[in-house]
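Generate coordinates for the entire structure from the input sequences, incorporating the hints supplied.
For the protein sequence lines, the chains are R and L, in the order given. The opening position of the first sequence corresponds to residue 4 in the numbering used here, with each subsequent residue numbered one higher. The opening position of the second sequence corresponds to residue 4 in the numbering used here, with each subsequent residue numbered one higher.
Since the hints were made in silico from the structure, they are not lab data. The beta-carbon is built from N, C-alpha and C at its ideal position, and this holds for glycine as well. Treat the hints with care, as some may be off.
Covered stretches of chain L, as calculated for chain R (at least 3 residues, CB under 8 Å) [what the hints assert, rightly or not]:
id: 1; segment: 12 to 24
id: 2; segment: 120 to 134
id: 3; segment: 207 to 216
One-letter residues, chain by chain:
Protein chains: 2
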Amino acid sequence: MALRLTVLDKIIAVFKKHGAETIDTPIFERKEVLTGKYGEDSKLIYDLKDQGGEILSLRYDLTVPFARYLAMGKISSIKRYHIAKVYRRDNPSTTRGRYREFYQCDFDIAGQYDPMIPDAECIRIISEALQSLDVGPYTIRLNHRLLLDGIFAACGVPSNKFRAVCSAIDKLDKNSWSEVKKEIIEEKGLDESSTDKIGIYVSRFGGIELISELRKDSELMKYESATKGLESMELLYKYCNILQVTDKVTFDLSLARGLDYYTGVIFEAILIGDDVGVGSVAGGGRYDNLVGMFDSKHKSIPCVGLSLGVERIFNVLETKLNKEGVKTRTTEVEVFVATAQKNLHEERMKLLSILWDAGVKAEQSYKRNVKLLAQLQYCEESGIPLAIIIGEGELARGEVTLRDVVSRTEISIPRAHLIEEIRKRL
Amino acid sequence: MALRLTVLDKIIAVFKKHGAETIDTPIFERKEVLTGKYGEDSKLIYDLKDQGGEILSLRYDLTVPFARYLAMGKISSIKRYHIAKVYRRDNPSTTRGRYREFYQCDFDIAGQYDPMIPDAECIRIISEALQSLDVGPYTIRLNHRLLLDGIFAACGVPSNKFRAVCSAIDKLDKNSWSEVKKEIIEEKGLDESSTDKIGIYVSRFGGIELISELRKDSELMKYESATKGLESMELLYKYCNILQVTDKVTFDLSLARGLDYYTGVIFEAILIGDDVGVGSVAGGGRYDNLVGMFDSKHKSIPCVGLSLGVERIFNVLETKLNKEGVKTRTTEVEVFVATAQKNLHEERMKLLSILWDAGVKAEQSYKRNVKLLAQLQYCEESGIPLAIIIGEGELARGEVTLRDVVSRTEISIPRAHLIEEIRKRL
Numbered sequence: 004m005a006l007r008l009t010v011l012d013k014i015i016a017v018f019k020k021h022g023a024e025t026i027d028t029p030i031f032e033r034k035e036v037l038t039g040k041y042g043e044d045s046k047l048i049y050d051l052k053d054q055g056g057e058i059l060s061l062r063y064d065l066t067v068p069f070a071r072y073l074a075m076g077k078i079s080s081i082k083r084y085h086i087a088k089v090y091r092r093d094n095p096s097t098t099r100g101r102y103r104e105f106y107q108c109d110f111d112i113a114g115q116y117d118p119m120i121p122d123a124e125c126i127r128i129i130s131e132a133l134q135s136l137d138v139g140p141y142t143i144r145l146n147h148r149l150l151l152d153g154i155f156a157a158c159g160v161p162s163n164k165f166r167a168v169c170s171a172i173d174k175l176d177k178n179s180w181s182e183v184k185k186e187i188i189e190e191k192g193l194d195e196s197s198t199d200k201i202g203i204y205v206s207r208f209g210g211i212e213l214i215s216e217l218r219k220d221s222e223l224m225k226y227e228s229a230t231k232g233l234e235s236m237e238l239l240y241k242y243c244n245i246l247q248v249t250d251k252v253t254f255d256l257s258l259a260r261g262l263d264y265y266t267g268v269i270f271e272a273i274l275i276g277d278d279v280g281v282g283s284v285a286g287g288g289r290y291d292n293l294v295g296m297f298d299s300k301h302k303s304i305p306c307v308g309l310s311l312g313v314e315r316i317f318n319v320l321e322t323k324l325n326k327e328g329v330k331t332r333t334t335e336v337e338v339f340v341a342t343a344q345k346n347l348h349e350e351r352m353k354l355l356s357i358l359w360d361a362g363v364k365a366e367q368s369y370k371r372n373v374k375l376l377a378q379l380q381y382c383e384e385s386g387i388p389l390a391i392i393i394g395e396g397e398l399a400r401g402e403v404t405l406r407d408v409v410s411r412t413e414i415s416i417p418r419a420h421l422i423e424e425i426r427k428r429l
Numbered sequence: 004m005a006l007r008l009t010v011l012d013k014i015i016a017v018f019k020k021h022g023a024e025t026i027d028t029p030i031f032e033r034k035e036v037l038t039g040k041y042g043e044d045s046k047l048i049y050d051l052k053d054q055g056g057e058i059l060s061l062r063y064d065l066t067v068p069f070a071r072y073l074a075m076g077k078i079s080s081i082k083r084y085h086i087a088k089v090y091r092r093d094n095p096s097t098t099r100g101r102y103r104e105f106y107q108c109d110f111d112i113a114g115q116y117d118p119m120i121p122d123a124e125c126i127r128i129i130s131e132a133l134q135s136l137d138v139g140p141y142t143i144r145l146n147h148r149l150l151l152d153g154i155f156a157a158c159g160v161p162s163n164k165f166r167a168v169c170s171a172i173d174k175l176d177k178n179s180w181s182e183v184k185k186e187i188i189e190e191k192g193l194d195e196s197s198t199d200k201i202g203i204y205v206s207r208f209g210g211i212e213l214i215s216e217l218r219k220d221s222e223l224m225k226y227e228s229a230t231k232g233l234e235s236m237e238l239l240y241k242y243c244n245i246l247q248v249t250d251k252v253t254f255d256l257s258l259a260r261g262l263d264y265y266t267g268v269i270f271e272a273i274l275i276g277d278d279v280g281v282g283s284v285a286g287g288g289r290y291d292n293l294v295g296m297f298d299s300k301h302k303s304i305p306c307v308g309l310s311l312g313v314e315r316i317f318n319v320l321e322t323k324l325n326k327e328g329v330k331t332r333t334t335e336v337e338v339f340v341a342t343a344q345k346n347l348h349e350e351r352m353k354l355l356s357i358l359w360d361a362g363v364k365a366e367q368s369y370k371r372n373v374k375l376l377a378q379l380q381y382c383e384e385s386g387i388p389l390a391i392i393i394g395e396g397e398l399a400r401g402e403v404t405l406r407d408v409v410s411r412t413e414i415s416i417p418r419a420h421l422i423e424e425i426r427k428r429l
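This is the structure:
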């Protein structure tokens, strides 16, 4: 938890820097809210037992509840973050720290705005967050759903199979092309020649130059969604350049994202040279039609957002800290109040009361009599920087001994100067 | 959420000052873990649908999961806080801001320690938290389960009815004695004469002097649990005195607490002169046997803890802020970047990139062209202290206009000095 909270605090600082507020939604939603939003994965939703009243499920992500919240509250624009737990009945690898309950960490911008201005800021935010977390080198893969649709059309995919092919291509980060090809042909029912054409497209990646290369593809340029997608990518690159994140992005035609609801730019951040194989550590994209699914008049609010894969980031950082032998402190205690003789526990409590009044983070043993050595060992093990030692001699002289736990040096000081001395040292 | 997070941050600061770490437990527990822990209220537990695997329920409080966690992890001592949501299928007053999902905010000390040292610290923590939240005057009611048991025995209550009578007396904060008396006689099956004797005892409250008064009660002093309870109360008062919270406590024989698992001191904080009738804003006590219920060898870990009623505190503070006309900001934006003419949105983005790099919390409109007046109005409504205005003239001169939003004063400064000037003003 100590590591997790440090990570989340850094991420929240980035979200706040970009002017986001935070909201909260209940852990359960009416079952019908979640139905039909997650495709094949709907079977992984946790349902509550019918004990009377509404039929409820546990939230599966934070995006669908956010869209429902916007529609119900008739909110036409908001920039919000939401860090909370979500629930999936899958079989995660618990040895790799993945559970059926896990944190999601989302930032979204909702509102009718001009093209790519909020989208580019999302990319900048991912970059700032990963930078501030010091997870090592990364790249943010970019693509556009309209461009993918154009490519699929140019390859002869019927439009009712676009999303199914997307979800197959999404697996290219874990599976080889030959496995994905097999899935497209056997499960999605596409012919081999179309599939091979797709295979050539999705092998392409690079920088902004890919835009002009694709524009030379006259077959592709026949499709309006392809030309529109490329126009958007061009504008996005322009803004990424202004926001100084161009060196952090890769235009990657194999990026598809599994979820059905994306309608524009999509992105995903991966760590580079990562031997743990954590995969993506952030992802997101534009989803302009989701809110409309919850509005009685189907009025939609355009949205773009990102999700940081904090569980993976926790693992990466934990592994890193373990390698470096860094021990994370679980408390923030600054001063431990110890006694050198028996029956002085009331003196410890008197002193603690003064320390707490002064705002000093301080504790003692809850036992009346403990060996001094045991108290000092506890300080060293817990990383507490300072110890105050009270003995009968000190009491008689109106003094205390202040010990620096790391250097093991001690000085005697008058009680009246104690708080001042502690503040100087912290 | 902005108000809630402010409240929780202040509480967490107090918990950390007392050296607590934090833990997290899953939102669901195996159903059997919760069974038999909450008496009559068990019917309010939310169950998950049986979709295969374990039979699960949503946590009802944070204490039982904590006890389960200690037993499973063989943890013999810990001082932890846990702030999280719990779930109850009751019918709360939603108009008063109470829901079936609500925050609990717990601090507990587990371990084999000397009498009343951790217990007194819990009282001090409640006092510090309520003080730092500025909720107005309060008192912390104290009582002891052993003393109550002694009183019940002296009044002729059979020991198998102690907990049932306790749970009836617990309602004295909402119901009159005649209602409680009726419940004890009709529902708990006690005779009228015993009930009347109880009525006299539970009407008594005061300070430390109540201890010596009760010691004169020779009938009561025949019962060991009563003498032991009074001894504990005496020690608790001594430590409360050292920790300087005696003026914040009331010894109140009508305090019973509903839950079965308390075994020693019990306490509850109420606001004084509170016309909203919020009732208790904190409560807790010692529960030495709960952990043993989860240990295969019934080995228990003594525990004492407190729970802050943060939902009630949120309401009290929200009402207070509304009365005072204080508007809570939902973001922390420091600088808004505005443009005075059309088609300067890229200049805004360039400047934002510099501000973000410098760690300044800054935002803009996501529209390319917005009227300057609309941008400045937004700043005033959102409480953003500073606005930067870029116009063609400023750009040509390498300057920007920095506007103080409240005073509406503006100065022109060279771009090179902007960050420095902003830092000076924040």
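Consistency of the hints with the structure:
1. Judged by the Cβ-Cβ criterion of 8 Å, the segment 12 to 24 of chain L is covered by chain R as claimed, because 6 of its residues qualify and three suffice.
2. Proximity of the segment 120 to 134 of chain L to chain R, defined as three or more residues with a beta carbon under 8 Å from a beta carbon of that chain, is established by the 6 residues found.
3. With a cut-off of 8 Å between beta carbons, the segment 207 to 216 of chain L has 0 residues touching chain R; three or more are needed, and the interface restraint is violated.
Comparing the model with each earlier hint shows a violation of hint 3 alone; every other hint is respected.
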